[in-house]
Amino acid sequence: MMKALTFTLNGDQTRVEVDPGELLLDVLRRRLFLTGTKKGCGEGECGACTVLLDGQPVLACLLPAMKVQGRAVTTIEGLGHEQRLHPVQEAFLEKGAVQCGFCTPGMVLSSKSLLDGQPQPSEDEIKQALSGHLCRCTGYVQILEAVKDAAEKMTRAEGRKGHA
Amino acid sequence: MMEEYAVVGKAFRSVGGSDKVTGRAQYLDDIELPGMLHAKILRSPHAHARILKIDTSKAAALPGVKAVLSAVDCPKLPFGLDVPDARIFAETKVRYAGDEVAAVAAETPKIAREALKLIDVRYELLPALFSPQEALQEGAPLVHEDKPGNLVKSYVIERGDVDADFAACDYVFEEEFASSRVTACYLEPFGAIARWEPDNRLTIWTGIQGAFQARSEIARALGMNPSQITVKVPAIGGAFGGKIWIRNFHPIVALLAKEARRPVKFVLTRPEEFAASRPRVPAKIKIKLGMLKDGTLVCKDTAIVADNGAYSWAAPKIVLNMSLRTDCLYRFKSVRTRSYLAYTNTTPTSGFRGYGNAQSHFAQESMIDVCARKAGLDPVEVRLKNAVRQGDLTLHGWKVRSCGLTECIEKARAAIARGRKPQADPNGTVKRGIGLACMNHVSGNRAGNNFDGSSSMVRFQEDGKLVLYHGESDMGQGARTVLAQIAAETLGIRPEDVLVMPIDTDVSPFCFGSYSSRVTTVAGKAAYLASLQVREQLLKLAATLLEAAPEDLDVREGRIFVRGGERKGISVADVCKSAIRTRATVGLTAYVAYDPPTEGANEDFYGDYSSAYTYAAQAVEVEVNTETGQIRVLRVAAAHDVGRAINPNGIRGQIYGGVAQGAGWALYENMVYEGGRLQNNSLRNYTMVTATDMPEVEPIIVETQDPVGPYGAKGIGEPALIPMPPAVANAVEDAVGVRIRDLPITAEKIYFSLNPECEGPAS
Ligand code: FES
Ligand code: FES
Numbered sequence: 000m001m002k003a004l005t006f007t008l009n010g011d012q013t014r015v016e017v018d019p020g021e022l023l024l025d026v027l028r029r030r031l032f033l034t035g036t037k038k039g040c041g042e043g044e045c046g047a048c049t050v051l052l053d054g055q056p057v058l059a060c061l062l063p064a065m066k067v068q069g070r071a072v073t074t075i076e077g078l079g080h081e082q083r084l085h086p087v088q089e090a091f092l093e094k095g096a097v098q099c100g101f102c103t104p105g106m107v108l109s110s111k112s113l114l115d116g117q118p119q120p121s122e123d124e125i126k127q128a129l130s131g132h133l134c135r136c137t138g139y140v141q142i143l144e145a146v147k148d149a150a151e152k153m154t155r156a157e158g159r160k161g162h163a
Numbered sequence: 000m001m002e003e004y005a006v007v008g009k010a011f012r013s014v015g016g017s018d019k020v021t022g023r024a025q026y027l028d029d030i031e032l033p034g035m036l037h038a039k040i041l042r043s044p045h046a047h048a049r050i051l052k053i054d055t056s057k058a059a060a061l062p063g064v065k066a067v068l069s070a071v072d073c074p075k076l077p078f079g080l081d082v083p084d085a086r087i088f089a090e091t092k093v094r095y096a097g098d099e100v101a102a103v104a105a106e107t108p109k110i111a112r113e114a115l116k117l118i119d120v121r122y123e124l125l126p127a128l129f130s131p132q133e134a135l136q137e138g139a140p141l142v143h144e145d146k147p148g149n150l151v152k153s154y155v156i157e158r159g160d161v162d163a164d165f166a167a168c169d170y171v172f173e174e175e176f177a178s179s180r181v182t183a184c185y186l187e188p189f190g191a192i193a194r195w196e197p198d199n200r201l202t203i204w205t206g207i208q209g210a211f212q213a214r215s216e217i218a219r220a221l222g223m224n225p226s227q228i229t230v231k232v233p234a235i236g237g238a239f240g241g242k243i244w245i246r247n248f249h250p251i252v253a254l255l256a257k258e259a260r261r262p263v264k265f266v267l268t269r270p271e272e273f274a275a276s277r278p279r280v281p282a283k284i285k286i287k288l289g290m291l292k293d294g295t296l297v298c299k300d301t302a303i304v305a306d307n308g309a310y311s312w313a314a315p316k317i318v319l320n321m322s323l324r325t326d327c328l329y330r331f332k333s334v335r336t337r338s339y340l341a342y343t344n345t346t347p348t349s350g351f352r353g354y355g356n357a358q359s360h361f362a363q364e365s366m367i368d369v370c371a372r373k374a375g376l377d378p379v380e381v382r383l384k385n386a387v388r389q390g391d392l393t394l395h396g397w398k399v400r401s402c403g404l405t406e407c408i409e410k411a412r413a414a415i416a417r418g419r420k421p422q423a424d425p426n427g428t429v430k431r432g433i434g435l436a437c438m439n440h441v442s443g444n445r446a447g448n449n450f451d452g453s454s455s456m457v458r459f460q461e462d463g464k465l466v467l468y469h470g471e472s473d474m475g476q477g478a479r480t481v482l483a484q485i486a487a488e489t490l491g492i493r494p495e496d497v498l499v500m501p502i503d504t505d506v507s508p509f510c511f512g513s514y515s516s517r518v519t520t521v522a523g524k525a526a527y528l529a530s531l532q533v534r535e536q537l538l539k540l541a542a543t544l545l546e547a548a549p550e551d552l553d554v555r556e557g558r559i560f561v562r563g564g565e566r567k568g569i570s571v572a573d574v575c576k577s578a579i580r581t582r583a584t585v586g587l588t589a590y591v592a593y594d595p596p597t598e599g600a601n602e603d604f605y606g607d608y609s610s611a612y613t614y615a616a617q618a619v620e621v622e623v624n625t626e627t628g629q630i631r632v633l634r635v636a637a638a639h640d641v642g643r644a645i646n647p648n649g650i651r652g653q654i655y656g657g658v659a660q661g662a663g664w665a666l667y668e669n670m671v672y673e674g675g676r677l678q679n680n681s682l683r684n685y686t687m688v689t690a691t692d693m694p695e696v697e698p699i700i701v702e703t704q705d706p707v708g709p710y711g712a713k714g715i716g717e718p719a720l721i722p723m724p725p726a727v728a729n730a731v732e733d734a735v736g737v738r739i740r741d742l743p744i745t746a747e748k749i750y751f752s753l754n755p756e757c758e759g760p761a762s
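Going line by line, the protein sequences match chains A and B.
Counting in numbering that gives the first Met the number 0, the first sequence runs from 0 upward without gaps.
Counting in numbering that gives the first Met the number 0, the second sequence runs from 0 upward without gaps.
By construction, these hints were calculated from the structure, which means they are not laboratory data.
Among the hints, erroneous ones may be present.
Which residues of chain A face chain B? A partial, calculated answer using Cβ under 8 Å [said to hold, decoys possible]: (1) Q12; (2) G20; (3) G39; (4) C40; (5) L52; (6) C102.
From the three backbone atoms N, C-alpha and C, an ideal C-beta is built for every residue, glycine too.
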């Protein structure tokens, strides 16, 4: 028996029929064709499937889709597009933080969530926020640089807005 | 002074990067085809067993199942590399826990999984071999009945008179080292989609490093001609050597798709990735080394016993690398190596960043420290004294055209000395030490007299954009970015105006693939030469338009102008417009097949087989807790001779990533087996470096301007991983006086070495 799931997806009210036990990851990828959310393990260990649920990072490979009923989900597709990237996305490109890119959507979303709550995080806070994300390519260094860079730019932009 | 370039050496955003940060990049599992089915593979739970019976009838009857296959339904053509011993499915017996026994394609992955449970296989257990030492013993059971003694391959390589040289040495030392089984563990699981086309042609989508090699191997397994098959390469989520060669699932999906008459997708699960992917070839390496009192390294005698696993993939070639390459790092007078590669009932081993060279570096670079210490010498000075230099002809016949080894050693040593932490904390629990290890590697590797080059086609479009076709996969290392930079530099256009095409074997020029750290050097050179030809065509046409002589023209930032009279000019786009869709009939296209100027090695493995050898020295500072044995790598100074940096951001990325993988291997990565079954088959218990334990890294780029590589560049894909394990082992000895000879260097091993009175595994 399929169930109706209604939630806000990347700002849009969305309704989709799902199997009761179906995982959010499969609903996003297979039913809604949002393939930017990646599956690296399917067992909650790599962080590639991270999406934001009401602004907080969650692992879509562990979360039954029905749990997002009535709530707001942001996937990488909801963050920015080529002409207007989110500052975190900009910084990832600028600092060379993207190699194969498979960990990138999850990394970018967790970084965004961190900066939304803590605009000037310390190095340790950034590492903690990303500690659930595996990246086999980059050794994390340029990812950390990117998050710091995005934090600075976002803070400066906020400052300007404040003075205007 | 090195020449300044407009694009080469400048920071530049990676090609395809914006697709990756926005989630639009398409990896294999993101591809959906109409009517596509999902495949699952039934694997052997046993390390070694005879197959008494396979009954697939119940699975075939399950609603939603569209095809079920086992060995009886498939061609029985052997495939593989040097020693082709693989079959699509296990036939009479299974040879490792993970061996392919049967496969199902069904409407959903769930149905396919259910169907696997309905396949009835009866086994009769056979005695299994878990180490090459056991396998090589007289009377050991055979893994393959037609491979006597379980020997896959052996090599004896000798240069000079080793025995006489040992007799003349002041010191002769002997030690044994062992490297562990580790896996590439790229984040995107490997897989393939197959679809049959009209005309009996087959399309395979797969994120593989060598599309053309894949095409010929799939053709061999299926008994087809390569040109009947198209291999298309989507975005690849990491590879590191683990996705160079095909796996059994490639022919399997093709046959399932044929049987079901529908497209079929197969993606490995993470536990399957662990149990049935191709780990690094583990080896025991015994080294006898002779030296003089003043630290001159004279001669070396090495014995290697390596584990091939159940089927042979790249391991013979890997053991060959293991047997040769480190001999060319220092100026040895004579060397001898005897190597044995044996079948066992374990997962077939193959390539992973370093391709054998990493294992032998762990042994040799640990050995140099052990010997120098015993002789009362500074290990770094010993390295400096013996390092190969530009212009050397090594004892295996390599021509060293560019070499920054000495500079790398000096710079890494200086960098690690700066800002050192105290050698011990006041209470004495924490001790710190530093260690250094060197490495040499290749940029391309000619096998015998075969082609070792790359091809490239570049072509201007009518709007002035350049399209570049190539066949070397970008698995994240930045192949596309470097190729775009080289073409842009050569043609005087912006890198943003270069479109680097995806790989499709029907369209892409013939290439070998992304391995041997060869892409920048050989594919970059092919792109350079093709761009040069198109540049000539472009300037010739511009010359008529500008009424000037072609040799007086130059092109920069997309504009062609008369040298000296910069005002008179025309845009590249306008010239393209005049060439294409007009009666000028200028192609503005070039196809170049480039083969580097090396002769390759002879049957005794002597000869120059790479046009550019790379060198590095990495120094590390570690911290050891003497109460728990816990080790942390605090800092790494990684100095690399890259010839010439084309993409500095990319080089840094390769260094950081290589350091992370090397540190993981040094400290914790290890596949643990129990009765032939992998115990840590999940990211939960296979530990890799995370953001919180990544050391601080100082990348040091040394430029030696290679005479052959494009703009002087050499490869950087593999080098940064290679010196990490020995550098860490050397630093640990510096910190606490304990020498660990087998990887990984765990807290447990340190603890028991520091507390020999406790019962525990000695190392
Ligand atoms: S796919 Fe969800 S954590 Fe790996
Ligand atoms: S960029 Fe490849 S896993 Fe992070």
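Structure-based check of each hint:
For Q12/A, the interface hint is violated, the least distance from its beta-carbon to any beta-carbon of chain B being 21 Å, above 8 Å. Look at G20/A: its Cβ only gets to about 10 Å from chain B, farther than 8 Å, so that hint breaks. Look at G39/A: its Cβ gets to within about 5 Å of chain B, closer than 8 Å, so that hint holds up. Hint status for C40/A: holds, given a least beta-carbon distance of 4 Å to chain B, under 8 Å.
With a cut of 8 Å, the hint placing L52/A at the interface with chain B is violated, because the nearest CB-to-CB distance is about 17 Å. Checking C102/A against chain B: minimum C-beta separation of about 6 Å stays under 8 Å; hint holds.
Checked against the numbered hints given earlier, this structure breaks hints 1, 2, 5; the rest are met.
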